[in-house]
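**Q** Chains as they are written, first to last, in the working numbering: chain A, 1044 to 1413; chain B, 1044 to 1413; chain C, 1044 to 1413; chain D, 1044 to 1413.
Honestly, the hints are just simulated from the structure, not real lab data.
Careful, some of the hints might be misleading.
If chains are identical, the list can't say which one is meant, so a pair holds when it fits in one copy or spans any two.
[Stated by the list, open to error] For lysine-lysine, the following DSSO-like pairs were computed, each having C-alpha atoms within a straight-line distance of at most 27 Å: (1) 1054 <-> 1355; (2) 1054 <-> 1081; (3) 1238 <-> 1212.
Just so we're clear, the structure is a prediction, and the values are computed from it rather than from any experiment.
Protein chains: 4
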Amino acid sequence: MKAIQATPELKLQVILGAVALLPRFGNLEEILERDGFKVDAKFYMIVEGETPVTMSKSAGLGIIDLTMIFYNLAPDMIVAVGDRFDVMAPVLAATYMNIPIAHTMGGERSGTVDENIRHAITKLSHLHFPANEDARDRIIKMGEDPSKVFNVGCPRMDYVLECLDQMKKEVAYDYSDFFAKHGGVGGCFDLSKEKFLLVSQHPVTTEYGSNRQYIEEILHALNKFKMPTIMIWPNADAGSFEISRGVRVFRETYRPEWLHLFINLPIEAYLRLMRLCSCMIGNSSSAIREGEVIGVPAVNIGTRQNMRLKGKNVVDVASSRDEIYQAIVRQMESGFYETEYLYGNGSAGKKIAKIISETNITTTQKINFY
Amino acid sequence: MKAIQATPELKLQVILGAVALLPRFGNLEEILERDGFKVDAKFYMIVEGETPVTMSKSAGLGIIDLTMIFYNLAPDMIVAVGDRFDVMAPVLAATYMNIPIAHTMGGERSGTVDENIRHAITKLSHLHFPANEDARDRIIKMGEDPSKVFNVGCPRMDYVLECLDQMKKEVAYDYSDFFAKHGGVGGCFDLSKEKFLLVSQHPVTTEYGSNRQYIEEILHALNKFKMPTIMIWPNADAGSFEISRGVRVFRETYRPEWLHLFINLPIEAYLRLMRLCSCMIGNSSSAIREGEVIGVPAVNIGTRQNMRLKGKNVVDVASSRDEIYQAIVRQMESGFYETEYLYGNGSAGKKIAKIISETNITTTQKINFY
Amino acid sequence: MKAIQATPELKLQVILGAVALLPRFGNLEEILERDGFKVDAKFYMIVEGETPVTMSKSAGLGIIDLTMIFYNLAPDMIVAVGDRFDVMAPVLAATYMNIPIAHTMGGERSGTVDENIRHAITKLSHLHFPANEDARDRIIKMGEDPSKVFNVGCPRMDYVLECLDQMKKEVAYDYSDFFAKHGGVGGCFDLSKEKFLLVSQHPVTTEYGSNRQYIEEILHALNKFKMPTIMIWPNADAGSFEISRGVRVFRETYRPEWLHLFINLPIEAYLRLMRLCSCMIGNSSSAIREGEVIGVPAVNIGTRQNMRLKGKNVVDVASSRDEIYQAIVRQMESGFYETEYLYGNGSAGKKIAKIISETNITTTQKINFY
Amino acid sequence: MKAIQATPELKLQVILGAVALLPRFGNLEEILERDGFKVDAKFYMIVEGETPVTMSKSAGLGIIDLTMIFYNLAPDMIVAVGDRFDVMAPVLAATYMNIPIAHTMGGERSGTVDENIRHAITKLSHLHFPANEDARDRIIKMGEDPSKVFNVGCPRMDYVLECLDQMKKEVAYDYSDFFAKHGGVGGCFDLSKEKFLLVSQHPVTTEYGSNRQYIEEILHALNKFKMPTIMIWPNADAGSFEISRGVRVFRETYRPEWLHLFINLPIEAYLRLMRLCSCMIGNSSSAIREGEVIGVPAVNIGTRQNMRLKGKNVVDVASSRDEIYQAIVRQMESGFYETEYLYGNGSAGKKIAKIISETNITTTQKINFY
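Same shape as in the complex, but just chain A (with noise of 0.2 Å):
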């Protein structure tokens, strides 16, 4: 968003929704605000439930809303980004509506829905993104046009190196509020001197009615260690209310003195996390993402990153809690790795602004190769 505010050639156009304009994952509106981006339209899509119902009827919401913000914005073109479910909404409707569709993120795998999402949007889309070299020629072997595929990175990745470069300048940080600063629940420590496991495990929303079973079997895997260990909340796809169960029951149950679980983090707070921690766990992309540029030891449990392209540092188990175990011990022991750069080095924005100002695109016949 920056990148394209600073090319002259284009306006930005910003529309805040979905799960973003929800206040129980921080306030996006204000820190967009902060930033010095003006929100264009706001629209609230997410029917709550969490189940794949709702999920299904969110997506058939947003559709309905998105039609009236693109009729009174009209754009020249939107920029849908990765495969959650919700961005189909975005992009169908600008299908319906002969709006362009630049896409970011595509070509990738993984598991659940979001595989399928994925290559569905690249198909729909006139201008692809990747964030590599693989995903790139998968999107020109599904029949897109190669001239119209460009490998520039993951946008989200300028973010996180700018992040990062900036933590390695300081001198030192205080961690003494921490705990205080972004709230949740359970035991707090010493960040600074202890160490911990860092644990984000989300839906699979294909294997709905299965993410209490996965949720507790991290949990029976954690508490093998009883060290301290920071979970955050998983997001709202279906499924998550299974996960929020697991981990509540399992609470009162066991009363695990070493969980402490935050709601949502700033993604600064979160980076500082993941250098710190021991080992990551769960089935969180950050750990594949921003983990192969930290180095972070990584434990990637069950399905929902399948397949996905991943650096030295993450190790796959299935969703069994002597698997974890044994995974968890072991990248321990291995301690940090080497930065890799599948995801891109940084100017991923820079070069999709520069793109999208220098290529004419229309919506009359998208050219598929096949």
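Put chains B, C and D on the given structure of chain A with help from the hints.
**A** Positioned in the frame of chain A, the structure of chains B, C and D alone reads:
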């Protein structure tokens, strides 16, 4: 549907909605009941207006409705047909709700937004039933598992071929009450004696705003012939109103006695006209699919059927009155063509039912081959 | 709207939506622009089908859309007009969003669901502009604060009276191209010389399923006269399709050369017909509101206008062909009636704009007097 | 529901939706099944956000969903309960779909948008079941047919009185695991020995933007007592987030050990607290309805219960910390009050079931008496 009903391992559920439920497109519910099908659920999703805005809102509303319907009917699989904009609604609802998707007529090429939607549906589907080998190859090239892609032919052709067989056996058919029976407006003539043209022109959604010009070019080309002409009303896609406005103004201005308009025709009646007419004109896929079997000389206009696999009976021209005029002259001279079977030989339904009954599909992890 | 625009203290915002946006009901947007109004927002909410199901879904969709529109336009007050089913959408959205509501034409009585919706809107409104003293009394009896209820007359009558004044000043009017100009189907005749009947019959939504019978009774009554008759197409309420189906079958069966159908007429053209015709027939409120000023003899059929305050020009009958026939005979004998002004004298708009500009309304607490 | 189930002439259909379906408000589906009810349909309609915008969108979505549900279940009548914003959804869907509406708890007075919605529902309903004679009079004054308005008492009180009877018969009740059983956050104490306050403050939707101030006034009043206090989380109306934000900041700032928060309590547990506490504080209707029977001294704050019929146990104050403080002092001095029965004596359900089974209602024409 008949083939599924006849397969003991399968249980058919019928959902009737979108334009299929609207009286102005014929009473499909009555036809279904007459043919022995029970409608399990009905939903109205078409937001009136026939613009890109209403097309998009309709899809959003359809997703909301189908979520409720799928939740109640709990199907083990849905069969999505073709590439109309509204097919995206059941496909997305099923995607979010972890219901496997079988897709017919995927892998083909054409113009308009249909092209993008068709391939996006392919990337969301688990079982593919393309209509020919060319389409099968394209689906596999897009990364789908070859063991899940079956060239079965187009199920619509099953019924078409059945009708045509029936008609070939008829000794004679009485066309005297054809106009009285099917209504419409404009001049009538003796179908069994007079040469006539058959026109079916639908909106090019991706060229919304130009559709009036396209129909005017056609009407002015036809006006040079002034021979009896039957025109079918356009479908309800965005831009439909441009076409109907163009036709209305032309009728008021030129009072063309030679032009008869039908809102809608049963498929049998339409096939009869295809067999009788001197030339088909417009951008309907029927000239290509049904047309190649009948061998009817056809003039395909503009981009809507771009790159579609076509038989020898079709000549492509741009939306220019001169080109259209010349092509009609040539095609009338050439007369009927040899039958081709690029879209199947009439056994698609049976093959599809058999494969579905024998294939085990889950949504847990769809394998993409790239 | 003109009066609000002319009031310096007020700023007009115009939202165009529902049936007013549909081309088949005329191009209202063009008319608004011609008359110097800027449309601030547009929304399509009508789900095609014209059944109770689609009426209900349309209202739900309208609420969703208007929420977004009100959020963007942030009006200090909305003016809701009358009692159509779709007016509930802006009224409810405003209710939830704490936007004060002014309501015109409240407090009247009629049949169908309109009656219930009209009174419900009254209980949700903060400022009331009934069309006569009878309606004002009823609003106050329902518990509304008398200081917020103003008998201003019906704003629709402002325009009607202006048009009629204009027509009275005309030396002559050329009706020769009336049918050519306004289109429609069926027989034409010389409006300036021949006696004719004017029919406007809308669906009775609360008697959905009986509307075909009602129109058949009317058509058979008219068939006894076989005198030139102009019929206006029904509005889009649930049951509309029953009426149009009834008309279509009657036309096919009896080929009534005496019957001409218009889809829709500009109000000026419609008023001309009211002044020229021998008798109005049907259940349109225009026979009552505009009719009492023109003095046109009218036969009001069925329950749709039940208990509506009516002038002497109106005779009520049940939906029976015999009663309708007899009433038409009597009304044609009686001829035109004296003008009455039960619905205002043409100054409603100015009064409304003045009161709104002088009244301070908040939604914090609406006082009910019971 | 039990009374309807026990009436042979009636067949109960249960639709579970809106907040009743959300896990964070308890598992109502489980409770219904335990109590022998079958849920015929479920729908998620709550759009996350808890603002006026999402309240409005939720209602729109609810209408769309309920249209589908009513279409499938085809009820002969719906029973709408009370005046929450979401009750408008079934009432409007039924209105459009010609389904008769019975309404409980109409005719009362209160603050917020509930007041307007309650009376609007009355004008859309065909059968009225007010909770007392005062409410019955008001419904009749609003123009409803007296023969359709039955003072039966409040059905919620049936269950409350049953619970209270049960509790009176108990020899002793073990409160030792109350906090463990019902969760929540904050300090715990011995319910059987210590005096405590009970607080339930919900958003005033019509004063959206002021709710944080209101809760702060309450918390600062309570902070003067520093006696054990149990607070119930606010409901999901617009403004809920203002309250929870206010509570969170207060907790972080003042670390009130005396304050315990429950997200939600089963009604039995809540009634126990009402019987044990020294004073109830806030703006919940439970202080008025359940409270008058229990005789609990209550301080009702602000406009939410404005003009509601109240027993002697309730004192009204403005949202000012001083007034609140003084009123709590006075109410604790006064102690418990005599039981009153302004909202019925426990037989509402049976009366309602009997009247519905004996009354013939159609929607063809609702008679308004004005």
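**Q** Does each hint hold? Answer for all of them.
**A** Here is how each hint holds up against the structure:
no.	hint	verdict
1	1054 <-> 1355	neither (40 Å within a copy, 49 Å between copies)
2	1054 <-> 1081	both (12 Å within a copy, 26 Å between copies)
3	1238 <-> 1212	within (23 Å within a copy, 56 Å between copies)
Consistency with the previously given hints fails for number 1 only.
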